[in-house]
Amino acid sequence: MDGEELTEQETALYDRQIRVWGADAQRRLSKSHILVSGLKGSVIEFCKNIVLAGVGSVTLNDDRLVTEELLTANFLVPPDPNVYTGKSLAELCSDSLKDFNPMVRVSVQRGELSNFDVDFFHKFDAVVISSCSLSTKKSVNEKCRKSLKRIAFYTVDCRDSCGEIFVDLQDYIYNKKKEDETIECHIEYPTLEEAISAPWKSLPRKVSKLYLALRVVEKFEELEGRSRGETSAADLPKIQKLRKELCDAQSHAESQIPDALLERLLKGRTEFPPVCAIIGGILGQEVIKAISGKGDPLKNFFFFDAMDGKGIIEDIGNPKPK
Amino acid sequence: MDSEQQQSAIEGAKVLMVGAGGIGCELLKTLALSGFRDIHIIDMDTIEVSNLNRQFLFRQSHVGQSKAKVARDAVLKFRPGISITSYHANVKDPDFNVDFFKQFNVVMNGLDNLDARRHVNRLCLASGVPLIESGTTGFLGQVTVQIKGKTECYECQNKPAPKTYPVCTITSTPSKFVHCVVWAKDLLFAKLFGPKNQENDLNVRSSDSSSSSEQVEDVFEHKKGEEIEQYARKIFDHVFGYNIELALSNEDTWKSRGKPRPIYCKDVDVIPTEHVHQNGNQGRGSAAGDMTSVSAMATLGLKNPQDLWSLKENTAVFLEALKLFLSKREKEIGNLSFDKDDQLAVELVTAAANIRATSFGIPLHSLFETKGIAGNIVHAVATTNAVIAGLIVIEAIKVLENDVKNYRMTFCLEHSSNKMLLMPVEPFEANKSCYVCSETPLTLEINTRRSKLRDLIDKIVKAKLGMSSPLIMQDSTLLYEVGDDLDEGEVANYAANLEKVLSELPSPVRGGTILTVEDLQQEFKCSINIKHREEFDEEKEPDGMVLSGWTQAQAAEKNSNVSADNGASTSGASQAASTMPEDDDDLQIIIPPPVSGRKRKLSSVTATSGVASAAAKEPKIKRKAEEIDGDNENDIVMLDDGNISKKGEA
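Respectively, the protein sequence lines represent chains R and P.
Each residue of the first sequence is one higher than the one before, counting from 0 in numbering that gives the first Met the number 0.
Each residue of the second sequence is one higher than the one before, counting from 0 in numbering that gives the first Met the number 0.
Keep in mind the hints are simulated off the structure, nothing from the lab.
Please note that the accuracy of each hint is not assured.
[Claimed, not checked] Covered stretches of chain P, going by a simulated chain R footprint (3 or more residues, C-beta under 8 angstroms):
| no. | stretch |
| --- | --- |
| 1 | 24 to 32 |
| 2 | 52 to 60 |
[Said to hold, decoys possible] Chain R residues, not near chain P, derived (Cβ > 12 angstroms throughout):
| no. | residue |
| --- | --- |
| 3 | W20 |
| 4 | L51 |
| 5 | T66 |
| 6 | T84 |
| 7 | S134 |
| 8 | H185 |
| 9 | E192 |
| 10 | K200 |
| 11 | R214 |
| 12 | K218 |
| 13 | D234 |
| 14 | E244 |
| 15 | D247 |
| 16 | H251 |
| 17 | Q284 |
Note that beta-carbon positions come from the ideal geometry of N, C-alpha and C, so glycine has one too.
In isolation and in its complexed conformation, chain P is listed as follows (with noise of 0.2 angstroms):
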């Protein structure tokens, strides 16, 4: 390396990174080491426990703090001459715009979900930054050089997102553990604790008995008077019982499936616990940081967490998790969503998901397995982390010398190919279609007479395209905008419009309007080209409309991610549950590495590569003998829409 010029180059850039997290904290350590000069760093998160085997800049007594603080002062600990800027605060704030951005010579990505990497993204492309975009899961990890009118963007290629099921599976026809995981977080758990008035979304019940909602309403009421215990056996009763007699009334769904057993409480022996004990430090108030002090498993002598529970311990554990969700954590009920940090809450669902895989005939998972399930925890260790931010560094300056030609896409593989752990390829080249930087316009089919402009909006711009502050425009009209500065008048026009109508808006929206969608903040705008059509089909379609052109998520095995989104959705059973990766530390890997040697099959290597796997699609490879330092036998991996082939062996 020549290093003079080198040293200069790196000594003289200011850098941005987004995430102190698992990659963050390698990343930040790497940089200082290597010579940066002005690093800054944006984190809104706050140290946690299960954070300090891997983000090793952060100690028992941090928890808590600002990870971007705490990493800053770590740093300069061994690295005092430095300058690193830390920003307690989402990257998403409006204060990080394209000015901000353009300070910094290269943005380097060390995020946990799609959604802030879609925005950083953008911002990049606006600003016309280099960004270095990262990821690992376990063993696995990946680093790409993303740079407008040069390589691919974030936004070009398919990538892996949340996985989501039929509702029916989960309601009535549960075949994996995860079903039951997320019957119990999302419909029983939110049932229990969350919001009341969501009793058409997700019923409890079977969703084959259309009937009703009050009766059901009646028996989650917990009402005045009645004992804990009794109610708590109540619902047991009313959903691992009764709920499961109605499912099997209907015999159709059991042609060709296993029936269910009903479970009702006085078959299974439990033992009952006398009032609740004294748990955890009394007198504390229910404020987050003591979410754990309250534990069913305590109260009932249970101490591994990687146990499996008879149905007996499971029942005790359901029933006392639920008594104590009565009788301690009161104040809490109706404003409660499922956190994989309350201890409690995993403990319930935990529980009500061995019972209910009990009924079903599948086998039984610890409280350590549902948690991880649950919580969409992502799997994560110091060393992978500590590869991927090694090859951060090493490309960003790579882009500081502005040495395009040697621009990488890096893969950290847990089983060697071809000789290679660390991987190299070309960098992808930009999507000549993508959405996002190529500015190629969308289509959606919509119902334009029944349809409104809320449901384009949320449903499209904001679920689908990833805007946060969007702006519509048909012509020179604008149909929509949100914004700090809009006169009163402004804002109550465009509440009338959210209301209406496409085809009743002021200016029209029929089948062959082209709308333009813009977000300020991220300086992204696209056309979407309308075509009106009067039909959907509510299974396949139940948005009641169709985008086309755009990167669709794609379902995730691995990481499956199962909670369904409170509350959003009033659209009754044949909505699938789905969310977005619950924030972690770490990120999934984005793209599957590349199969390398002649004689493997594709397959063979995506199959082993675990998470990798799981994209859906696996790009196909070229090979391509380079010559890069006068002889031909450095050749690198390059990846093509092409079939396999290898070119230029001599």
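Only chain R is shown next, with the shape it has when bound in the complex (with noise of 0.2 angstroms):
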């Protein structure tokens, strides 16, 4: 143990959850730090699920001035001009989150996420990315990995009613109990750069279609030097040509990425509430355990389609041999 004993207050406000994962779960969760970046609704549900979870402390970083069509998946800032007007969503975000949980230190980091550096991220347990681009999705993993410290490191992106979690544990070990015995587990995770790059054929067989389309969506993103997200019905031929550019040259049939898909996908903005809440309640769930020990974490990615209803998970790339 260690060494500090919860107190009565957490045991009352936590005793059913620490029904199901265990008093020393819920004390390591008292002293972790979380950031969270991008708070679109995907994320601000998990800010919910971890603020109530009884975290150490939360950190917002968002310095997009609020407007209507940043609020459509949000509950916790009032569609009200008035209120909203002038102020950033982190700093909206952050006032309406520390209601939820006073033993839960919720602040603000102002700066752009690509400056920050790997000092910065130090201070953290577990990171949560969104509505960013690709190369800084991919800039921030590798400030993680250079981290003395394991910072468990998690993107997000909803994009209509589908969405997709990307977990790197790194060297991730945990104990399970099987029957009365301990085992460790010994999990090792690619880093983002190396799973999306991972050649299609090497692909598990019938891999979820929305990690394929998802990766000519940003493709598309990065090549057009669009932000994320910003793409439209409109863009549905040269998403085409660059899918078959890419199916081409990975020999992979253009079946596979769908039309309906991809024009579900270039409605990159438009979210939809409930697959926030079952995204953000499945990746509450992730960093949970991560930080608690408890629990086989999932790797490496996550889908979520409402269309078909399934959520699954997806082990994709190799880390690379040391």
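From the two separate chains plus the hints, produce the assembled complex.
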């Protein structure tokens, strides 16, 4: 044990969840620090979940000024221009989240995510980023990896009624109880770079179409110099062309990336609140697992599509040998 | 998604939510964000501290207020333009009748108990309104679409139900800690503080000693002038010492079992506490709100509810808690029933269960753990509820669009199966012999020359068929009904019928008779074929009657609910201890998730999926590759009564 016991107040508040994951896990949670960047629907859901669960602190980063569009799947900020005008999304969400659980410190970190250095990320146990470009995601992932401490790294992307979570826990060791004995499990994760550049031939059989389609859309945004989600149905012909090029280069059948799916993903900024709740819920659970060391963490992608209703785990991309 | 058409379906819908707890809070939020504009929500509960870790619409300052109303106000803050109507009421209230249900396009349940779910199921069937049923326990969850004539109803399949234990296991031969908790809570606690006159029920003495209950009464009676310290020690010695000695004298019992050890106060080196310390806030009344202010743990300086107590500590807690009840809460004695939120009651039950466990060589448990067992606390985390609420809304939208072929039942699993953490399957078909949705008659074997109408109503119509205001008819003769509009003559007539043996009713009920049983509020009616039978096995058929053709509730090992229904039965030692789950905010899983993946055995998944494994009948799986969007890679797992097979894969 860590020596510090849960207070009476904590035991009362967290009673039902301690019955699920135990007092030790709760203690570890209450000492953890989480960085969250890009506060759209699924990430807001995630924030709610970990603040309720009782992490030590949550640091919010999102300097965007609030607009009506940013609030479509946001239950933290009232859609009242008198309230939100002139304030950043992080500031407003922070005010509201603090209220959810007085035992969690919620604060705001201003600044551009891509400008933070390794020392900055070192302060956190888990980093969750969303609403940023692929290159920013990769660079934050690398910085987390450079830190001496193991930082759990997650990216989230929800477009229309589809969602993706990526997880990098680096070298993750945890104990698993089987029958009466405890076994030590060791999982090695690839980086985001490694995971998205896996040759398509090497992918698991019947890999989720979302994995492929999202790579095409991401590549499209990168090539066109668009920011994340800055796409529309009008881009379909161009993206079909890109799909063909990528499929040809990877000798992959184009039919694995259907037009209907691409069309939906091109509505990059639309969020479907039920999907945000699902993605934010799964992500919350994964972060709680990684911090508490309780439960099998998912490796390394999770996909959900409301069209077929499946929530699928894919294990993609091998870590480079050291 | 065809967003314009979908959005107008959502905006034009009028929906009913039943339950504003763990799932309810998440659901109300997600509905509002998704564009629903007319939401009605019913919940009879008020907010408690242990809700706050997941029912995120509630704050500390709301404790004690109506869940439905606070949830409404909280959601209107971020979606001020919509209409939310809250009802702080029981869904079983007569106001919520079939006409009330008919105004909605879809009903969504976020309930915590079987009884209310059955009730809503019947109202949805009667009003023809689609129902979306859901449940979570820990990391497991389930969402089901139930539409009359298209899918199964809530009562088509067996449900996990409270675990019951044979009385002799509880009274004489406990082998698990839970048996000791049941004993402490349902026998000892009820005996000490519950209504008097229940002496025959579940005697705290060994059931083998059939003799005088008078002597027992004497022991438990707190005589005037008797020092409470002395009384407490007397009770201790009687239940942990004398009763065990008595049980030991029946040697047959212990031939194949370890013998228990009697424990007497004097054997345990208890440090006597000085006369009870001032404890908590003095001068307060004994209102329910300050039940936690009196605590034996506080007096004894025990702080951590997760600690295991030694025999010495358990003994000290037992004696102290008993004394505190007698000195501080005297007025409540005689009317108390165990309440998991009553700190002193939990302390007493924990200590008593542990002392009994010590006698029987059973491992001890902390107060925290004991509270979970005794209170039948359902494990709950926010994330599962959030996921389940998202899935409910997705199904609700399909229902509004009448997208029948895409309805799914979805399981949220703890460990992925066939790569899936969220596993959709096609909804089950209705059970053709379901007595609720198919009008298939039930069969009741009963001794028509000995059983009274009252027995039939209490044990079958209310307890098993879940009717609250039944009407019973034979051909066109009314044998029984309830209601405000009855005249005095009818009331007297029905009261007299209750006490009559079936074969002597004005319209006699005998073998071959077909009874019609109806609940007017639920608009639910079924037929019962009566079969006369002379003898019943007291052990196996304690009701003295056997109903077949209905969905027998199955024992659920995991969420074992263990309390006896105080005073409900006087039928003696063969009566098993059982109850309905205590209300909490969340609820249990209903059906085990399907097993998929060709190489896995049925048992391997059900065994790892916690509560789900508890449901008795594992549906067998038929997998079928179905073509949904033009290719054959989107297989859907189908659950079926057949064997495992896989069709259609190229």
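Here's how the hints hold up against the structure:
no., hint, result
1, 24 to 32, "holds (count 5)"
2, 52 to 60, "holds (count 5)"
3, W20, "violated, 8 angstroms"
4, L51, "violated, 5 angstroms"
5, T66, "holds, 16 angstroms"
6, T84, "holds, 16 angstroms"
7, S134, "holds, 29 angstroms"
8, H185, "holds, 18 angstroms"
9, E192, "holds, 23 angstroms"
10, K200, "holds, 17 angstroms"
11, R214, "holds, 18 angstroms"
12, K218, "holds, 23 angstroms"
13, D234, "holds, 18 angstroms"
14, E244, "holds, 22 angstroms"
15, D247, "holds, 20 angstroms"
16, H251, "holds, 14 angstroms"
17, Q284, "violated, 4 angstroms"
Checked against the numbered hints given earlier, the structure breaks hints 3, 4, 17 and satisfies all the rest.
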